[in-house]
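Sequences listed follow chains A and B, in order. For the first sequence, the residue numbers in my numbering are 1463 to 1797. For the second sequence, the residue numbers in my numbering are 16 to 356.
Keep in mind that a hint or two might mislead.
Unchecked claim - If the Cβ cut is set under 8 Å, some of the chain B residues that face chain A in the computed set are:
1) Asp253
2) Tyr254
3) Gly262
4) Asn276
5) Pro280
Keep in mind the hints are simulated off the structure, nothing from the lab. Every value quoted in this text rests on a predicted model; they were computed, and no experiment measured them. In this text, a Cβ means the ideal position worked out from N, Cα and C, and glycines have one as well.
As a plain string of letters, each chain reads:
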Amino acid sequence: MAPLLSVSGLHTTFRTDDGPVGAVDGVSLSVDAGKVLGVVGESGCGKSATSLSIMGLLPRTATVEGSIRLGDRELVGMPDDQLRALRGAEMAMIFQDPMTSLDPVIRVGAQLEEAVRIHRDVPKQEAREMAMKGLASVGIPSPEERLRSYPFEMSGGMRQRVMIAMALINRPRLLIADEPTTALDVTTQAQILDLIRDLRTEVDAAVLLITHDLGVVAEMCDEVAVMYAGRIVERASVDDLFARPQHPYTWGLLTSLPGRHRAGERLHQIPGTPPSLLNPPPGCRFAPRCDFVMDSCRADPAPALSTHDGTAVACHLDAATRAREGARAARDDAP
Amino acid sequence: MVRFLIRRIIGGAIVVLVVTLAVFVLFGPVLRMQSDISPARLYAGKNPTPEQIQRVSELLGLDKPYYEQYLITMRRLVVGPSDEEKARLCPGSTPDECDAIVGRFGSSFAEQVSVDRLIWDAFPVTLSLTVLSAIIWLLISIPLGIFSAMRPRSLLDRSSTVFVLIGQSLPVYYLGLLALYFLAYEFEVFPPSGYVPISDPIGWLYHLILPATVLALQFAAIYVRITRSQMLDQMGEDYVRTARAKGASEKRTVVRHAFRNAMLPIVTMFGLDLGLLLGGAILIEVTFGLQGIGWLTVQAAKRLDVPTTAGIVLFSAIIIVIANIIVDLVNAALDPRIRLE
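Bound-form chain A, shown alone (with noise of 0.2 Å):
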C-alpha cells in the first residue's frame, strides 16, 4: 500500500532581501495512515518550513520544488483553489501556541463551525451539532455551553484543545502537529498529548508531529526523522532509532537530554551553533561540529541517506564506528 503522505526531493526556498534562504533542501519522508511520524530538530532546522510547505502556507516569498503526494495527489503546483478545498478536509494542521491561533474577537463556536461550514454545505443547526460534538470529543467540560465562550475566557490547555477539535472536525487524513505542546505546562502537555494519541486511533489519521522533545517522540511516534540545517540526517523506527541511532547528531542529541547524567555532572552539550543557512557549508552541514569529522565530510557532495538494517542515515562514517558510537550513545535507557 502507498502511503498516505509522500514527500520526496522537497526543496522550499525562501527569498531574502540578503539572498535566498534553503531552509529545506531535500527532504524525503513519508507517513502512513494511522501511523505518528515525529520530525525532531532544533530550532530553525526545517522542521515547521517543511510541515507549511506541505500544507501550502508558506508567505508568498517562499518557493516549494519536489514532490509531496497526499494520496494520490500531488501538491505541489496544485492550484490555490484546489489546494485550499484539501487544507482544513483532507488534512488539517495544529500549531505551536494556543494563546495566538484562535481569533480573539470570534466566539469559540463560530470559530468551529467555519470550519464545517467552508467544506460542506450543511444547516447552522448541523454544523452546530458537530461543533458541540468536537468539543466533546477532546473532552471539554459543558461543551454547549463553551461554543459561546471566546477565546480569552479560556486557559492555554482548553485553547489546544479547541484547536484540535477544529482540526479534527472534518476528520481529516493528515494531521500535522506543529509542537503541539511547546507553549503549555507539564500535565496539560501530556493531556494533549494523550489525546492526539486517542483521536488519530479514533480517526485514523496519518500524524505528522514536529518537535523538538525526545521526550515526546519516545512517547508517540512510529518512525522518526532527525532533521539537521534543512536536510533529515537520519531516518528510522522509535525503537532503532532509541537502541542504535546512527549520525552523529543524533548521538549528540540523545546525550544531551537531561535526565541522562549524574547528578552534579554538567549537562552535555553539542558545541558550536548551526550553519546559517543563507551560506551553508560545503558537504555534511553538521562537519563543523562533529567529533568523528573527517576530511571528506567537508567536501561535495554531501553524503547522501542511505539504509543499513532499516535505518536511513547520511553519513561517511563506517558501519563499525557508528554501531560502536551508537551503542555508546544509548546506553542508557531510552528517556
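Fit chain B to the known structure of chain A by using the hints.
Frame of chain A, contents of chain B only:
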C-alpha cells in the same frame, strides 16, 4: 454592559464639568485681566458712558461675585434660562422672541440673538459636511488600505503611498482653492460656495460634494496608512494562519478575520476625528463659504464675541465627549475583551 455605559457617561460628565469651569475662567476673569474688554462694555455699544456700562453689567449679572456667576451659568446650561433672567434681558417681548435672544449658552454680543440659535443654525452645515466627507474618505481608504496590505510593494501599494504623501502634505485650503479655481471658476462644474439644506437632497449634495471631497482626501490619506499598517500586522498573526489552515478563502480570511481585528483601532480613530470635525472644520468651511460651526468660530473671534466663542468651545467639548462614549460602546460591541475589563 449597562455598568460599562454608566461608567463612561459619568466620566464624560466630569470632563464636561471641567471644561465648563475652564471656559468660564478663561473667558471671564482671565480675559478681563488680559485686556480691558469688559463684556458689559462690548454689549453696551459704541462709546458708552460709564453709567450705561454699569447698567449693562447689572443686566447681565456681571456685578455678582464670580462663583455666583458660575453657578448661574451652569444652571442656565443645564435647565435653561430662568424666567427672572428672561424678564430681565428681554422685557416686553413674547416668549418666542425671548427664546431667540436668551439661550442656554447665553447671548451673542454681536447680534441680538442667542448663542444657541447661532450654533443650531450652523451645526447642520458642519454635520452634513462631516458625514458626507467621512463616507467619502472611508470608501476610498478602507479598500485602498486593505488592497495595499494584501500586495505590499505592488504598483497599487506604491501608488497609494504617493497618494498618502500628497494627501498629507497638501493643506486643505490650498487643495480647496485649486478645486475651486478649476472646478467652480474655470469650468463651472460645481457652485463656488453656499449650502442648501438636506430637504433638497440633490442641491445639498451638489453644493457639498466639492468641499466634502477635498476634506475627505486629507483624511483618506491618513486612513489608508493606518488601514494598511493594521492589516499588515493582523495578516501576520497566528489566527490568520489558522483560518488559512482551515481552508478559508483569501477573501474570507481577510474580511472576516483580519479586517475584523484591524478595525478596532480604526474605529477609535474615526470616532475621535468625527467628534473633532463636528466642532467645526474651520479651514474648509471658510474656504468654501460654508456657514458651519468652524465659520461661526472665526466670525465670533473676529468680532470679539466672547459668549459665542465660549459657547462653541463648550459645545465642541460636549460633542467630543459624546463621540468618545460612542467610540467606547462600538469598540465594546466589536471586541469582547473590552467588555470584561
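Review point. Broken hints, numbered, in rising order?
Key: 5
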